[in-house]
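The hints should help you fit chain P onto chain U, whose structure is shown.
These protein sequence lines are chains U and P, in that order. Using the working numbering, the letters of the first sequence correspond one by one to residues 1 to 144. Using the working numbering, the letters of the second sequence correspond one by one to residues 1 to 144.
Any given hint might turn out to be false.
[Claimed, not checked] Label-pair distances were calculated between CB atoms; the ranges are: (1) U:PRO105 / P:THR50: 28 to 36 Å; (2) P:LYS139 / U:LYS68: 42 to 50 Å; (3) P:ILE133 / U:ASN74: 51 to 59 Å; (4) U:PHE113 / P:PRO110: 43 to 51 Å; (5) P:LYS68 / U:GLU46: 27 to 35 Å; (6) U:PRO122 / P:PRO105: 25 to 33 Å; (7) U:LYS118 / P:VAL61: 26 to 34 Å; (8) U:PHE34 / P:ARG85: 39 to 47 Å; (9) U:GLU35 / P:ALA77: 48 to 56 Å; (10) P:ILE140 / U:THR141: 40 to 48 Å; (11) U:GLU35 / P:ASN40: 28 to 36 Å.
[As the list claims (entries may be wrong)] Over 10 Å on every C-beta distance to chain U, these chain P residues come out as not near it, computed from the model: (12) SER8; (13) LYS22; (14) GLU46; (15) ARG129.
For the record, the hints were derived by calculation from the structure and aren't laboratory data. We treat Cβ as the ideally placed atom computed from N, Cα and C, and that holds for glycine.
Below, each chain spelled out in residue letters.
Protein chains: 2
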Amino acid sequence: MTDDKRRSDCPINLSLEIFGDKWTLLILRDIFFFENRHFNKFVNLENISTNILTDRLNRLVKHQILIKEKDPKNLSAFVYSLTPRGLELLPTVLEIFYWGANHTPENCAPNHFYKAVKKDKPTVIKRLREKLIQSHNIKITSTL
Amino acid sequence: MTDDKRRSDCPINLSLEIFGDKWTLLILRDIFFFENRHFNKFVNLENISTNILTDRLNRLVKHQILIKEKDPKNLSAFVYSLTPRGLELLPTVLEIFYWGANHTPENCAPNHFYKAVKKDKPTVIKRLREKLIQSHNIKITSTL
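Chain U with its partners taken away, still in its complex shape (with noise of 0.2 Å):
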């Protein structure tokens, strides 16, 4: 096996491959964060063209991070909701976020809520997580 060939199977790259830009992840904070689920809420996201917007969309749903709805309260339109396997990127952008507020002096982090990662990060994930697990109605078949 080649070199190239072995960093071809790394894990760190077949994530990247799948999340590893910034609209992405921008798409994905907004879900984690911000309780936004449908496409007029993503299109607020920082100066996101709707090509790329329904590009990354598409991706997240191919790769079983996202799952598309018809949205039962109002079937016009549809509703993105977290996958178990989804759900298991929030650590990584709860991570992005520390980094960011530790280390980006302009950023607007709400102080309470980087007090409470930088506590006690574990139990951020938690509750964030249990709350993310009911409002998306994940079914969680097996704990990792």
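Only chain P this time, still in chain U's reference frame:
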């Protein structure tokens, strides 16, 4: 303040503007896990082009994630070292590893390392961190 303005100041957005692309995160992976610190080693990254590699390394230096210095062992070459704030990206990259090891069936994560992360992530981070502080000669002036 508009919603868009608020979002742009988001620590996740600001972080992703620095390192939110596949190539940058693969360079960091190589630094954290493969002890690569030289341009002619990074060129082995998954089919990266040399102009992208040059751009991403320059960006990491510009954003004080890496320092570029003459290599004392080979004065005709340059060596890249982590800064304290670069080192703090280790938990993010480790979370990406862990997600990929759990959720990409074709990945080749080393089993012993995966098991260690699964069992006790904070200890793995602590050990890797100490190793990198030594090998990159990182001057830590404060802990977060």
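Which hints from the list above does the structure break, by number from lowest to highest?
4, 8, 11, 12, 13 and 14
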